[in-house]
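Residue strings, one per chain:
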Amino acid sequence: MLAYIARRIVYVVPIVLSVALVCFMLVHITPGDPLVAVLPADASQELAAQLRAAYGFDRPLPVQFGLWLWKALHGDLGTSIATGRPVLAEVMRAVSNTVTLAIAAAIIGFSFGLLFGLIAGYFRDTWIDKMATGIAIAGVSVPHYWLGMVLVIVFSVQLNWLPAVGAGPGGSGQWAWDWAHIRFLILPAITTSVIPMGIVTRTVRALTGDILSQDFVEALRAKGLRETGVFGHVIKNAAPTALAVMGLQLGYMLGGSILVETVFSWPGSGLLLNSAIFQRDLPLLQGTILVLALFFVLLNLSVDIAQALIDPRIKRA
Amino acid sequence: MRNSRLNNRRAVLLALSMASVFMMPSLASAESVLRIGMTAADIPRTLGQPDQGFEGNRFTGLTMYDGLTMWDLSSATKASVVIPGLATEWKVKDDDHTKWIFKLRPGVKFHDGSDFNADAVVWNVDKVLNKEAPQYDPSQIGVTASRMPTLVSAKKIDDLTVELTTKEPDSFLPINLTNLFMASPTKWQALYDKAEGADAKAKSTAAWAAFAKDASGTGPWKMAKFTPRERLELTKNDGYWDKNRIPHVDRMVLLPMPEANARTAALLSGQVDWIEAPAPDAVKEIEGRGFKIEKNEQPHVWPWQFSRIEGSPWNDIRVRRAANLCIDREGMRDGLLSGLMVPATGTFEPGHPWRGKPQFQIKYDLPAAQKLMKEAGYGPTKKLTVKVQTSASGSGQMLPLPMNEYLQQALAECYFDVKLDVIEWNTLFTNWRRGVKDPSANGSDAINVTYAAMDPFFALVRFLQSSMAPPVSNNWGYINNPKFDELVKKARTTFDDKERDEVLAELNAASIDDAAFLYVAHDVGPRALSPKIKGFVQPKSWFVDFSPVSIAP
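Quick mapping for you: the protein sequence lines, in order, are chains A and C. Sequential numbering from 1 applies to the first sequence in the numbering used here. Sequential numbering from 1001 applies to the second sequence in the numbering used here.
These are calculated hints, taken from the structure and not from any lab test. As the structure is a prediction and not an experimental result, all values here were calculated from the model. For glycine and all other residues, C-beta sits at the position ideal for the given N, C-alpha and C. Heads up, none of these hints are tricks.
What follows is a list of derived Cβ distance ranges for each label pair:
no., chain 1, residue 1, chain 2, residue 2, range
1, C, Pro1350, A, Met25, 48 to 54 Å
2, A, Ser141, C, Lys1387, 37 to 43 Å
3, C, Val1081, A, Ala180, 44 to 50 Å
4, C, Lys1363, A, Ala180, 55 to 61 Å
5, C, Ala1030, A, Asp76, 44 to 50 Å
6, C, Ala1133, A, Val10, 48 to 54 Å
7, C, Pro1471, A, Leu294, 38 to 44 Å
8, A, Ser18, C, Gly1053, 35 to 41 Å
Straight-line distance between alpha carbons at most 25 Å, and here's what the computed BS3-like set of lysine-lysine pairs gives:
no., chain 1, residue 1, chain 2, residue 2
9, C, Lys1201, A, Lys71
10, C, Lys1437, C, Lys1387
11, C, Lys1203, A, Lys71
12, C, Lys1483, C, Lys1167
With the sequences and hints as input, model every part of the structure.
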């Protein structure tokens, strides 16, 4: 098992380096001036050159990449051009808000997804299955931002039950797990949860149906095992794939949703990315993408290890 | 009997005192709070020189800080003009027109209690212009130095007098100085002394970062609480030097809400009392629920800037004038923009001191436009193809695509065949500086980038003076008109304000007569306010004064 984990960790190193290179290149090859956030279009040439030198944009790209990577390896992602604040602090603050949202959305999405998936799988081709599948398809198909806006119109503007925007009455810095704050989380969490709910429902439905049609289930029933016991076997066989799908979905949610976070002004990594893109704040953009990509890589690593623990066949593969 | 009366009195007194104790919290909670949803995605920088354009100056510049000169924001009908701020008077030296003497306002204090004086002015000039000064901050120079392009240094004469030097005679200096906000040197020095860093530069950066979290200026609002990207809370400065501008509201909370529908929902659900730029299609709904829409003509222009290089179809003045006569701007205002624009007939409209008396009247006159085009050799069977570079969104661009499609349709009536080259906003903004000769122009004959027209340099000079062609500044199309050059030179060297304004008016009129741009619209800076808000005045400016605003409980 340890050898398997070590091998997986070694695989992560080139992935991380490639991610760093790709995110650096992506933001640098797009047209436009990296200093647009602090340099008005009417600035003099001398001023532009002075600022370019001050921020190190006058150096060749490989040198810039090398310096950035070296600093990143030491935990310094640079300073935001637009705000002058350290990128790492900005990203970590935003990521913690996104994690709060992602966990809330995962609890809602995965719970309902598993429930609907199992019910649909057990009652395949009945009206119950059609209803659960219909909800899943709607969840996957409805655009996030549209659903978010509809929820805001109904529950904030018309009924005045829940707040429309923000992360608490005093901002996310004073976040607490009480009703005054949780009410700010409900609408964005529901909006974020619909796609994972739909995907998990469909996956679990397919897995359950497939497992129930296998010979070993027939054998278990023939041996007189109760239906609850059979259910336990179904769950255990479906778990590795369902876990992989949920891990992937959690990864997507931890990446933050630009659309959902913008609609609800939720100060997470999606809103941060949105701001970095519109301000063309390259250090912030690079740093945010890198941290989010690392999260994704580490999450996949954790899921791989968890899968191997549940299903010993995987580590032998 | 007497004892019982005394006891009664004591009981009443005790009850009153107890009631007053219990009422204390309710008195404390009677603090008036104004909550504003901004269009910015982040709180503009708070260290003195805000980013995010004029929205930044509006919310974190003019609130916490003052300049030597300021804008008069007290009237909704008159043009907003420059008035004394931290300087009470100024004059260029008779024997050397590159040197100005500014007399400073006595008795002004920063929020930390230190004195505002000549040393503070020199320190603040040095923070953006003197590379050797410890407080020199590259992150602040971009947004400052470009807005006062000729200022080079400051020198203390006495505690309340400073001498400012420009690299060439420049009568625009007092207007440009509205962009230099005075931060407290004492506060910064205390933070610098405490800052950690490998060298002086690192300590300086750390001190500015700390200053941004605990700012100190001389403005009518003080920083109270700051959560980056989420909220900025300001409290009123009771000791503000202009007693007429001490805020009526106790606390102001600024919340970034970049999405128009989110802002609108926050207003309608009572989360905020005021939003900037409500979604145009929600205006009816907002008004229907009793909220007020405030708007006024802004010093902002939505134009097409023409290419004037060899071979450009816009080199023919008949074509330029025809385009300007072919647009039904009132139709655009009443239809597409739901009333949220003012038709543009030049950079400045009648009533502005820099308007002048143009001979060519920009209006909707289709027959006259078609006649001019026919004289220029075009017609229904011989259309003139022009390509315009624009963006799908962007700061100040209003609704760029629908508005350009409206122009495309309107100009087709005058034998134009308009092709749109739509690119990303930041790229367009960068291309604007590179000019029409650069490959990034992609063969365009015009560019659609909106501009602020607060001061003469930004409104006229950078577009009309031939020496402002790329890469120097924003004369994108390489306009080269000796009359414009002569008037710019004359305006910059005329130091009597009234005479200078007359020259600027002449320059504006000349640019209209020349149909230098396709002038389309002025933004109106719409904002939606709760009916509880009283005393608000929307001036003809990018800025507003929050001091007279009050809010009913």
